[in-house]
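**Q** What follows is the residue order along each chain.
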Amino acid sequence: MLRLPKFRYLQPDSIGAAIRMMADNGPDAMFVAGGTDLYPNMKRRQQTPKVVIGLAQINDLRTTKGQLKDGVVLGANLTLSEVTDDSRIRHAYPAVARAAELISTPLLRNMGSIGGNLLLDTRCNYYDQNYEWRKAIHFCMKKDGDICWVAPSSPRCWAVQSSDCAPVMVAIGAKVKLVSSSGERMIPAAELYNDDGIRHLNKRPDELLTEIHLPAVNGWRATYWKLRRRGSFDFPVLGVAVSLKLSKDKTVEDSKIILGGVGSYPIEAATAEKIIAGKKLTEEIIREAAQAAYQPAKPLDNTDFAMTWRKEMARYYVAGTLRELAKL
Amino acid sequence: MAGNNGGKRSLRVVGKPFVKVDAKAKCIGELKFADDLFLPRMLHTKLLRSTVPHARIVHIDVSKAKAYPGVHAVLTGADLPPITYGALPVSEDEYPLAVGKVRMVGDPVAAVAAVDEDVATEALDLVAVEYEPLSVVTSIQDAYATAEPRIHEYGEFGNIHRRQAYEFGSIEAGFAEADYVREDITFYEGSTHLALEQHASLAQFSHDGKLTLWTSTQDMHYLHRHLAKVLQMPASHIRVIATPNGGGFGGKCDPFNHEIVVCKLAMVTGRPVKICLTREEVFYCHRGRHPVLMSTKTGYKKDGSITAMHHRTILDGGAYGGHGVASTFYTGILQPTTYKLPNYRFEAVRVFTNKAPCGPKRGHGTPQPRWAQEIQMDKIADQLGLDPAEMRKQHAIAPNSITANWIRIGTLSLRQCIDKVVAGSGWKDKFRKLAYGKGIGIACSAYMTGTQTPIYYNKLPHSGVQLKLDRSGGVCVFCGSAEIGQGSDSILAYIVAEVLGIDPFDIRVVTGDTDLTPVDLGSYSSRVTLMTGNAAIEAAERARHMLREAVAAKLEVPPERLSFADRRVFDSENPEKGVSFVDAVCLAEEKYGTLGTTGSYKPPAAPGKYKGATIGPSPAFSCTAAIAEVEVNPETGIIVVPRIWIAHDIGQAINPVLAVGQIEGCVYMGLGEALMEEMAYRGNRNLVHKFPSFLEYKSPTTLEMCDVITYLVEEPDANGPFGAKEVGQGPQLPVPPAIANAVYDAVGIRIDEVPITPDKVLKAIRAKAKGQEGRYGPSAFPTCPMPAAMVVPTPWQGGDGKALEGEPALTKK
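If you read the protein sequences in the order shown, they are chains A and L. Note that the numbering used here has the first sequence beginning at 798, numbered continuously upward. Note that the numbering used here has the second sequence beginning at 20, numbered continuously upward.
Next up, chain A with everything else stripped away, as it sits in the complex:
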């Protein structure tokens, strides 16, 4: 079988202890929550930390705080199942519950954390392979090599943002709290992500994601649609998260249309947002917005399905999400 490389496992019981351990061990260390992303990656030698700091015993990372009217704070190590099963989340933030519920399999949702999903490594089928396989293509720039095989003339890595929760958090304007030995900061989810397959997170390796702040609902409604081969466990090859605020007469007052799985970061379809702003969501407007929304999608041949088809599906999925929210 595939073996994990050897590593030292530390188990802090508080956030303070966790960040101290990280500071002590430096770049050789990584945090692990559920391990559903990190451990397979370690087996494939994509990440080979010498020290793994396990977060399982830190109770502060597993709580839900706050009142609905002010917004809710999710501990980053709540499992995806806990988020999915939380009746308040299901009621007030159905898009978050839905995205979490669509991730992988029940077994993996029982282990994987909401924070871990937001920080999911970007994926690419030139990269998510065993060491020996990657050796056969002389590696790629994301790990051990110097070329992007998806786009060999490209100076950058095109690995794909594959978290289901990320586009939803960006669409609803969530914020995340990052803590390290040099202090803590709160940033909008949108600023957590970067358009680069390697440096896909605006987060230092020593920073620990501790909380996800969901804003007060305040009349916004949101949804998430996911495209993948098998509903039973695949990663998204397209995820569309849309959040809307409608006036009483159903005019769009404000909106966020975010595409996941078709680039290295959650892509905002700004032109489409402009098209629907101040308008009622008629079938015609929806079609126009969907046409505009699929333009920024840049799927390449590094995930499942034919890439041109994936791009086209962005149009169909954006139209579908808008119809759902407009209750057409």
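Think of the hints as simulated: they come from the structure by calculation, not from any bench. Using N, Cα and C, we set each Cβ at its ideal position, and we do this for glycine too. Heads up, some of the hints might be wrong.
Stated by the list, open to error - Partner residues aside, some chain A positions facing chain L, computed with beta carbon under 10 Å:
1) Lys803
2) Leu807
3) Ile934
Given chain A, work out where chain L should sit, using these hints.
**A** For chain L alone, coordinates are given in the frame of chain A:
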């Protein structure tokens, strides 16, 4: 035939849904698969595999790996005798570890045995291999165009492994008789088995010079022969134990390099040596479905009857021969077994490419040509305005007939199967009547129940069974068959229990051990139930005869009046008068001494006498009809298959629950091949497999599985045990074409290749909307110089099963 005797009795065990004899052990985790075995002082092996697709090996340096703490041995090809092996005698082209060159990414180059897997893995990094790259053959087209370098030094020429050409009757005359002729070019993508258990083996070499190998294999007997050959040991000093397989599907039929390597390492180190492959390595073992490009030119009359067919296939074989020559035959040789086909020409080419070798996967070479004919039949029916179900029924092959290529068909209830699914699905209310986007399609097939000929030439039995009975009343069945999850152990218990009138759970079954069990050729070609079943009947009948004689003497009743049931032997005219089964065995042991009987089975001779006529014939043919219902989203091209109705003529179900399980498994595998599965390679990136993992190689899970409504049609065949015919493979054949035909019914487009993915569907829908042909599929069929066909007159031409004199047989270029 022994099997006939069974059919006359009223059945108490056969045909009843008994639990499998190994079910509980499997469910509670007690059953030991090969990787569960653990011996004291056992070493672990890892294989260093080629990272280049085609290269000469200039130099291998293992000195650092050998010196690494915890490493006990490092082997390269030079440490084994320079002897090749391979599944078929005509293509023994593999070395356990590469000698001189590598032919694919994943070819094993060196092996490390170490105290644990971690050390072995670390030591692999210390083996230095210098390669001199050779140009890479990536595809059929590439193989046709690349004369040099050759991947192998044998074969026809260049990278053409094998060519064959046959003509049965005269297609020229047949086409002349036709009202219409059409040619369709179709493609069937390669796919792999995805058995849940990864291949694992454990070898032990004992002080008396005897070698034991526990391994997950379907074909223990053939492996036994290859081990003797490559290790240069007498076969009698080698014991192969086929551990229960966690799925096979054809993927564990070939002898594998890792099996030979652990044996050699056990001999070198004097310690038990184990290997368990990773999922990626299982993809490199492969031996799965060949990608096949086909051209099918068919002449037909206005009533849909076929007058002639010219069927051409090209197989992308991958890097080794394996079972490929047989696969090549199977892409055409069973074509005449489903519908009447009076004149038939079949030409096939297999090429070598630098990819994982293809071989036998459920249906072995026949789902591809079945796909070609069944989607063509649908087009013919559409053109002629005929109901495709009725048309198939009208032209279905007659039972008890001989085909154009001299294959004898026994019972075959294809018409009944069609009636079942037509009625069950509400076909007549649905076909061409559903709303746009919903559709229904039909396809049929026939399949063999074991091959008439073993893989290497011999006149010995194909299957042997021994029975041991003793005064405890215990009955033990010994047979060399390999349990791969299909229930072959249970079948032995059911059949012996039926004949001896005892409970199947009274019986102990010992299988898959070359030291303990008589030879059975293995779990392939749907042969096991028929062949081990007939052998078991013979052994059990012989035991019953002894028991009957002994009890008859004791009870003073004529032996023919004695019945065996409910663990008793009794007078059928006075059931009160009898003895317990235990007492019956004691009486027999007293009369005859220690009790043991044997039974064996060899298929009847086939009528074909031409060279190549041995591939295709079978003791009995099953047949299947399937109807698929689909929903196609015309905006996305995404297909959902809500349900499939399938009727299968099994002759007699030995256990109906196991039979239905096999059929549902066939539907599942067919669904995956129809919609998702693809052995894809990165042609421009060192020809690596695109996604050798369970996650990214897409195959349906339980949640993607459709509903299946199964009908067992039981038309007993004289050659089968209690009339039983195969069920493990045939039902897969009609599933992909039924889905493709349903897609046409739903949205009016033809997808002439599998997998039928949404992008292809959308392209065809859009082409049709623009007024172009609503089709996706291959349009060109590359040609290769072919030898003159061997011409064989058909039975209705007055032929005698031989080829015409003076015709060159398979001439080389």
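**Q** For every hint, state whether the structure bears it out.
**A** Consistency of the hints with the structure:
Hint status for Lys803(A): holds, given a least beta-carbon distance of 7 Å to chain L, under 10 Å. The interface hint given for Leu807(A) is violated, since its Cβ lies 21 Å from the closest Cβ of chain L, which is over the 10 Å cut-off. A hinted interface residue such as Ile934(A) counts as satisfied when its beta carbon comes closer than 10 Å to some beta carbon of chain L; here the least separation is about 5 Å, so the hint holds.
Of the numbered hints stated above, the single one contradicted by the structure is hint 2.
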